[in-house]
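K.L.:
Residues per chain are reported as follows:
Protein chains: 2
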Amino acid sequence: MLEDFKQHFKERFDYLNNKQLLIAVSGGIDSVVLCYLCKMCEIPFTMAHCNFHLRAEDSIEDQVFVEHLAKRLGVDVLVKEFDTETYANNNKVSIQIAARELRYNWFESLVVEGKYDYLLTAHHLDDSIETFLINFSRGTGVEGLLGIPEVNDYIVRPLLIFTRDEINQFALEHNIQWREDYTNAQTKYLRNKFRKLVVPILKEINPQFSNSFLDTISNLSDTNQLAKDAIDFAFSRVARYQEDGSIIFLIDEIKKLSSPKAYLYEMLKPFGFTAWKDIIHLLEAKSGKVIYAKEYILLKDRSVFVLQKRTELEKNK
Amino acid sequence: MLEDFKQHFKERFDYLNNKQLLIAVSGGIDSVVLCYLCKMCEIPFTMAHCNFHLRAEDSIEDQVFVEHLAKRLGVDVLVKEFDTETYANNNKVSIQIAARELRYNWFESLVVEGKYDYLLTAHHLDDSIETFLINFSRGTGVEGLLGIPEVNDYIVRPLLIFTRDEINQFALEHNIQWREDYTNAQTKYLRNKFRKLVVPILKEINPQFSNSFLDTISNLSDTNQLAKDAIDFAFSRVARYQEDGSIIFLIDEIKKLSSPKAYLYEMLKPFGFTAWKDIIHLLEAKSGKVIYAKEYILLKDRSVFVLQKRTELEKNK
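First to last, the protein sequences are chains A and B. Following numbering that gives the first Met the number 0, the numbering of the first sequence begins with 0 at its first residue and continues without gaps. Following numbering that gives the first Met the number 0, the numbering of the second sequence begins with 0 at its first residue and continues without gaps.
No lab work stands behind these hints, which were simulated from the structure alone. There's no promise every hint is true.
Which copy? The list can't say, so a pair holds if one copy fits it or any two copies do.
Stated by the list, open to error - Here are the simulated lysine-lysine pairs, BS3-like style, with alpha carbons at most 25 Å apart:
1. K227 <-> K260
2. K202 <-> K192
3. K276 <-> K288
4. K9 <-> K254
5. K255 <-> K227
6. K254 <-> K288
7. K260 <-> K308
8. K70 <-> K114
9. K260 <-> K9
10. K9 <-> K288
11. K9 <-> K276
12. K276 <-> K5
Produce the complete structure using the sequences and hints provided.
P.N.:
Structural data, given as structure tokens:
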């Protein structure tokens, strides 16, 4: 795994050379293995640990474990303690959401302050497969079926091509210690169903399933890129920016597209529209008809749609 | 279900009015229910039954059952008997493939002869979900994740929005008899794993899973259409038909595309190319380098690729 990691890192993340890297370390096996891999590849990094204080002694022991690990590896460690329950109550969100928001707000602040450039997280291939299945179970579009993104703004996930088994194996071989992480138990309950019951069937039917999954999401990612190109192209054909900041859509040109509904959906999504049925009907509606989104309105004016920002007055209506 | 079927048929298959329709009837619950639904909606049809003679008495009893059903419903029935094992041996294919080929060859001949226009089959939503999962387990692209197509040339599948449970329920309510079909047991073994073990979990996690699945494949189908548009657009930008029948691809234009690899893959797929790594390397290769497909060759000639049909001489090389 070490050689594969080294090669993968060189191929895909060469731009991280000489950047200031953080690794999010819970103390769980995945993040601890990521630290060891980086250390063994002589990739410099700083550890970042969140203490959510959700499990009394356990949370404190996690923090102590991570601090010891940092000392053993000879790297710096940042620790942030949160009052997660108060945050959840104040913001009326679940404990999981609170922990997530606190975690990423802190990481982002570290990056925004400029001392660090990227955050590495230890998500792996099985996390990605489970995310695919969770999204699929709920109903989704192509972006929900791309698994976990390898790069997302300042967050980089260099373990996404490795399975949970490979990570376990590496930890065993190198006699690496870790702590079990129970914080996000509820999310894990749903994930566990897929992990324990569904993924084993997929792997039994196709022993190469993990690699096949990587092929599948690579194919879907290509298709998604092509679809985005088509939307850009269609937009340039049917839309005209006006001097007053509004955008005119030419209805006759929209109707010439292979799927007016799909294109309208994708072209208007960035402006916050959700009333898709109304929008489709707008193609045939009377002049003067208007559809409202939070920040924008779409007006049918004879042969065109006019997309404009809503005024403060309109918003209060 | 009857009302939903009537409305779905009217919305999606209005063009089948006054056409000569065949229904493929095995005698199993799905095809028998489809016959009853059509009969109750006063859609005229002829039944078509294949006897593959694979299960001795059972195959004969299936045939007798279907002939009686036709009489009861007052419709015509066509029956074709096959020597499936001989065909499988002669053509060195599995029994399942043999049955499939024989079945569709016969259906196609019936349509080609012109007396019939369309063949209806009784595939339903759970078949489609299982097909998605089977393809996903093996690794696939977006087209493998669209489930079973509703229309495919002369084949139309009007039950794809109904679940197995709805069909069972309808058969019970209307006291409909059917015969179990064991012919394609091996395919069913794989399907059964998904049916019995995976789909129940998806439905437990999301009780609306069947509807969510319809949304998912509708979204993917839109994305697929957009991607196809992008390929057509890219083709018109990078490719030039020549008078001698060859096609010139402009390498500089290909490199300007958002994902040259994905576009080249899609643009060359129809010509039977499979050596994708070679083709990507061709972008940077020396002039004169050639890649062979079964019927075509692709030649790098300075700033362009030239795509030509292979001569008989070349093919025998």
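K.L.:
To test your reading of the hints: which numbers does this structure violate?
P.N.:
10
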